[in-house]
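**Q** Working from the sequences, and respecting the hints, build out all of it.
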Amino acid sequence: MKLIEKTIEALHKGLVALQAALLGLLLLIVIYQICARWITFIPPALWTEEIARFFLVWVIFLGAAIGVRERSHFVLEVLSESKSRIVNIVWQSFIIVMEIAFCSIFFFRGLSYAEVLRWDISDVAQISMLWIGASVPVFGGLSLIFLADLIFQKTFKKAL
Amino acid sequence: MEPLVAASALFGVFIALVLLRVPVAFALALACVPVILLTDSVSFFAIIDRTYNSFNSFLLLSVPFFLLSANLMNATGVTKRLVALATATVGHFPGGLGHINVFVSMLFAGVSGSSTAEAAGIGKVLVPAMLKQGYDRSFSIAITACASVMGVIIPPSILMLIWGGTMSISVGALFLAGIIPGVALGLSMMATVYFYAKKYNYPRFEKPSLSHFIKAFLGAAPGLVTPVIILVGISFGFFTPTEASAIAVVYSVMLGIAYGSLNTRTFFLYLSDSAKLVGITLFCVGTASVFSWLLAYYRVPQALVTLIQGFGLGPHGVILIIAAVFLFVGLFIDAIPAIIVVGSIMYPLAQAAGIHPIHFSIVGVVALAFGLVTPPYGMCLLIVARIGEMQVHNVLKDVFTILLPMLGILLLLCLVPEISLFLPRLISPQFM
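Protein chains in written order, with the working numbering: chain E, 1 to 160; chain X, 161 to 592.
Quick caveat, the hints were computed from the structure, so don't treat them as lab data. Being a predicted model, the structure only gives us computed values, none of them experimental. For glycine and all other residues, C-beta sits at the position ideal for the given N, C-alpha and C.
Output of the computed footprint for chain X on chain E, the stretches with three or more beta carbons under 8 angstroms from beta carbons of chain X:
hint, stretch
1, 25-31
2, 69-83
3, 88-102
Covered by chain X, according to a simulated footprint, are these stretches of chain E (three or more residues, beta-carbon under 8 angstroms):
hint, stretch
4, 6-20
5, 50-58
6, 108-116
Some, not all, of what chain E presents toward chain X, calculated at C-beta under 10 angstroms:
hint, residue
7, Gly-63
8, Ile-105
9, Gly-133
10, Ser-135
**A** Put into structure tokens, the structure is as follows:
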């Protein structure tokens, strides 16, 4: 069990680093695009805008998965928690079930979606759209892993 | 399915899920599930496709860059320099720190596009300073939170970028249109601070000498150049709004290096923080797109237009309804999904009533900005209240006192379109 926990923690840290690196790369691409327009000796590239958009898609989906792990997605706290422990457990379980339902749609339907995109080629950079479409099931899959870990932490870990 | 039934199902499930603390981004998509199941021609593919395609936008790229730039401005000491300039400019008015708070928020709004970054950056510096000088804790928190709403009204503004991108309205014109309303809101808050200062005898700073003022101005000048670069660059077509946001990041990094306050480690720390925030913020945009697409599929906006047209209201009546709807929605959900869901519904209504798209947009942005300080979803208020170590409900009396004249400005904005249309018509009539 320790090994699984450590693996998930490493996965989380790796994702955080990857997502930040992608944002950094995105910044460099947009800066290159501006420089290429105004500085004559820098060759202009048509692919910059397209690749920047693709990186953004990954930054958002990875960020959303990290948000599931860090429980940082925006939540409206109007109703206060119940005094009954049972009610709170049922309530928490309902939220997690809803999240699992949502992430399952993105994982399973996302796999089919990525499969469809496999045969699509991007307009300018001429790369397979699978590279970008894969972000959808990756988000779904990662979020499901993080939710499974959350369920384990909330149920078995407390009991141990 | 009738438009009313579809709208009731979508909003009903969404509100129920959000109240039960399902994350807003997830609730927006999950609310679509029952409607999709009851619609033969739409499948779950729509959820994936609309979400994915909404992210595939070059304009949306400006959001992470403006967030990063605002965070870097806080980290590199630009905020502190702006505070020094504000102190030298308005610190000698009664209730000096209150005026400084509002004035520095106006300045910071010009260098960042994010109210939450503004609330966190300025709150950390000024709330403790106000408490130390004997200002009431609730007032210190309320004025800092309310002043931070200018972050999304005075250009550059993340909300205006999203608005312009979603409804195909010129972002350059929106930026120009936000200047006068933003300054008017700032002045209304300074008037409120004056009355508080007189009532509670709040202290003021010594009037600074000219040399002191010049020194403070020169110190803050590099930071103040940011809005000039952005506005001139976009308005005169040198670069797109997204490129302007990237330039703002580069400029913040250069300032950090020049001030010696930014190193590689700090940069990556802020890069990561901004990336995480972008992930959860923009994810809402994606799922909100599914929600608004389904509303459009069932012709809910058209049904609403027909309904409100039936009341026989003129443009003034319609814009007041629009403002009220945005104020109400802003209470409950984040401004970005609100723009996509509600903005798309209201836009046809505004067009049918003959309201100028820029006027409609500015009223919407200002009304939604108020939502940043009104509970339950008042993000800026939550941030500043945490800094000031006070429960949100204990601050509300002062928040509403400060908001009252600001609502007066919103009313004026609704009734006098020229307030928002004057500058874009003057400077960039080609976008009108």
